[in-house]
Amino acid sequence: MLDTLAQQLLLGLTNGMVFALIALGYTMVYGILEFINFAHGDVFMLSGFFALTLVSVLGLQDAQGFSLFAQLGLVLVLASAFGAVVNLLIDRLVYKPLRKAPKLAPLVSAIGVSFVLQNIGLIWGAMPLDVFGGGGQPAAPKSFPALLPTTNLLGNSAITLQLKDVLVIGASLAVMTVLYLLVTRTKLGMAMRATAQDPQAARLMGIDVDRVVAATFLVGGGLAGFAAVVYALYINTVYYQMGYQNGLYAFTAAVVGGIGNIPGAVLGGLLLGLVRAFSDQFIGAQWQPAVLFGILIVLLVFRPSGLLGSTAREKV
Amino acid sequence: MGSVLTKNWKQYVTLESLLLVFALLYPLFPLFDLAGEAAGLQLHLDQRLVTIFIYGILVVALNVQVGYAGLLQLGIAAFFGIGAMATGVMTVDKYPFHFGFWGALLCAPFIAAVAGTVIGAPTLRLRGDYLAIVTIGFGEVLRTVLINLENITDGPRGLNPVPDVWIPSWLRDFAGGGDAGEANLLVMYYTALLVLVAAVVVLKVIETTRVGRAFVALREDELAAACMGLDPGRIKLMAFAGGAALSGLAGCLYATNLTTTADPTNYDFNNSVMVLCCLIIGGLGSLRGALLGAAMLIGFDNVLSPLLDRAIQVAVGDASHPLARFSSWRWFLFGFALIFMMRLRPEGLFPARRVAAELHEEPEEA
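Residue numbers (this note's numbering), protein chains in the order written: chain V, 1 to 316; chain E, 1 to 366.
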């Protein structure tokens, strides 16, 4: 029993890290623009396809030892860059012209972008590569090769701790630390915090708000790209609809932590990962969406500002 | 008298009235189906029109919530599904109720409205984008529950058979000329059209009443509306429950048309967004826009896209590859449509005059 608990705890933590990475992108954009970037989950999805394509191009399935880790690092960096650029492009092309429009406009556009990205994912899955199963079944989930050795690091213990668990948690923590330092210690981070607090005043203080928004989309997209590789390494599949549900879960995580609040997103992600692991174990995986969204609804009704958020009021 | 008539007859010749006349007469003169048959195609436009009418009701329902009251609802399909499930439970042999179609048509909107009130009462005070998320979440919860409670909902097969629209047998014989399938289709067709027209007429009246104006006032400026003595909570709830009731009505017709409550995935987020697309492309807050949006998009999906598939098949020769089907590309179309509409014409193709005026208002100088 205790072993099961520990195992689920570990599973929850790793899943939670992925949620947290995606949730950070939602929360940062929301903090500055007060806008739910619906397409964020699909940037995550596309980065997954990008990573799988890279794996195939680099021939990573057959790499061993040092070259495997070096190339895996390259995939992580390139996928993050891909996510960042895609996210920035979306903002520049679609959201930016709507900054002054009524709130419904960017939200609906984001739903439109999400559709377009999903369709790109679907078409991408038809690429005639071996990793995509030849491309004959674009809608089917693509298996991402298990690149890391699956030996149990704890030896013969009943609890399984694989290298990928360590890697997921370690890499996520490292990225979050970098983000934390970026937001608290750099000039750009200060500008971000100032813009989130009051865009008008920030502009009066000489902050180029437009650049701050661009930087936010870049960072958020980069985190989504990073999360995609981590997710693919961990879950070993990518499919064109994985952005929708994971995106919604991550958004839930952001709300749980208090939307707009960066440590809150991490806390929310971890909590949601744990809840998911335990509900899958004790209630049943088929009830997962009901449990998680049920929590979201109850939380929004009773504590809409989340666990760490201050009371959020609609700016008039 | 004659001069008055000749002077004013033109005002009755609008796009809507022409479409209504077309819809009323089509089953009697199925020109397109006959033309299609001559060209070797099975169009079944009369069957597809029934789907368009049902979605028309659903889009009009969403219009009450999003268009009039400005409540961003992204889970309309859940209430559609509740209407369909309620109809299933009240009519199929498995359950002891056996209300028949007309009983279900009365009860389904009521049940959907109760569900709307239960979910709406605690959540409607949330800010706009949070409400959007709650409605998505509710849709997901409902879908999961419907799929998992298989011994109640019969899972992917759905509850069936849902009985046909009941009418006196002499009328049925008259309608079908002895052909039962033909009679069913005709009866379903006119029932759906009748419900749609009734819904539109009622809403048209509501638009001019105190309640209708209260919805709009609330959408425009909640604070000002409250200062004028309106109770925002109550009015939002009325709009939300009213929209839910209409969705339930549409769900009842949907289940009757399919004779099953169908796979629960028919009531998922994609469906909700599809309905939202119809409304936004047609014109938020505009009944005319809602109807024409539904006719365009659902018509596109049900009539044009199979034809396109056929054309591709003929052109390519071998259409076994999934990408050779038009449906693999349709989300591009809807996605870009939403993006371009928001950018270029946010009031929709057939806008309500007031919404268009607001959206093109010059920002006030601070």
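Hints listed in this document are in silico derivations from the structure and should not be mistaken for laboratory results. As the structure is a prediction and not an experimental result, all values here were calculated from the model. In this text, a Cβ means the ideal position worked out from N, Cα and C, and glycines have one as well. Treat the hints with care, since some could be wrong.
Below are the SDA-like pairs computed for lysine to any residue, each with C-alpha atoms no more than 25 Å apart in a straight line [unchecked claim]:
#1 V/Lys103 / E/Phe332
#2 V/Lys103 / E/Leu344
#3 V/Lys100 / V/Val275
#4 V/Lys103 / E/Glu358
#5 V/Lys100 / E/Val355
#6 V/Lys96 / E/Phe332
#7 V/Lys96 / V/Asp3
#8 V/Lys100 / E/Ala356
#9 V/Lys96 / E/Ala337
#10 V/Lys187 / V/Gln197
#11 V/Lys100 / V/Gln200
#12 V/Lys100 / E/Leu72
#13 V/Lys103 / E/Arg288
#14 V/Lys103 / E/Asp231
#15 V/Lys103 / E/Met274
#16 V/Lys103 / E/Phe340
#17 V/Lys103 / E/Pro232
#18 V/Lys100 / E/Asp231
#19 E/Lys204 / E/Phe340
#20 V/Lys96 / V/Lys164
#21 V/Lys164 / V/Lys187
#22 V/Lys100 / E/Lys204
#23 V/Lys100 / E/Asp221
#24 V/Lys103 / E/Asn270
Label pairs and their calculated CB-CB ranges [as the list claims (entries may be wrong)]:
#25 V/Ala214 / E/Gly155: 45 to 51 Å
#26 E/Leu149 / V/Pro145: 36 to 42 Å
#27 V/Met127 / E/Val21: 16 to 22 Å
#28 E/Asp179 / V/Ser143: 49 to 55 Å
Agreement of V/Lys100 and E/Asp231 with the hint, judged by alpha carbon distance not exceeding 25 Å: The hint is violated at about 29 Å.
V/Lys100 paired with E/Ala356 [C-alpha distance capped at 25 Å]: With a Cα-Cα distance of about 16 Å, the restraint between V/Lys100 and E/Ala356 holds, given a limit of 25 Å.
Does the alpha-carbon distance linking V/Lys103 and E/Arg288 stay inside the 25 Å limit? With a Cα-Cα distance of about 24 Å, the restraint between V/Lys103 and E/Arg288 holds, given a limit of 25 Å.
Checking one constraint from the list: CA of V/Lys96 to CA of V/Asp3, max 25 Å. Satisfied? Violated - the C-alpha atoms of V/Asp3 and V/Lys96 are around 51 Å apart, more than 25 Å.
Next pair to validate is V/Lys100 with E/Lys204; report whether the Cα-Cα distance is within 25 Å. Answer violated: V/Lys100 to E/Lys204 is near 32 Å, above 25 Å.
Hint check: V/Lys100 vs E/Val355, CA-CA at most 25 Å. Holds or violated? holds, 16 Å
Are the Cα positions of V/Lys103 and E/Met274 separated by 25 Å at most? Cα-Cα ~20 Å, so holds.
Take a quick look at whether V/Lys100 and E/Leu72 sit within 25 Å of each other, Cα to Cα. Holds, at about 19 Å.
For the pair we were handed, V/Lys103 and E/Phe332, check the Cα-Cα distance against 25 Å. holds, 23 Å
Is 49 to 55 Å respected by the C-beta to C-beta distance linking E/Asp179 and V/Ser143? holds, 52 Å
Within 45 to 51 Å or not, the Cβ separation of V/Ala214 and E/Gly155? holds, 48 Å
Could you check the hint for me, namely that V/Met127 and E/Val21 are 16 to 22 Å apart, CB to CB? About 50 Å separates the Cβ atoms of V/Met127 and E/Val21, which means 16 to 22 Å is violated.
Checked against the numbered hints listed earlier, the structure breaks hints 3, 7, 18, 19, 20, 21, 22 and 27; every other hint is satisfied.
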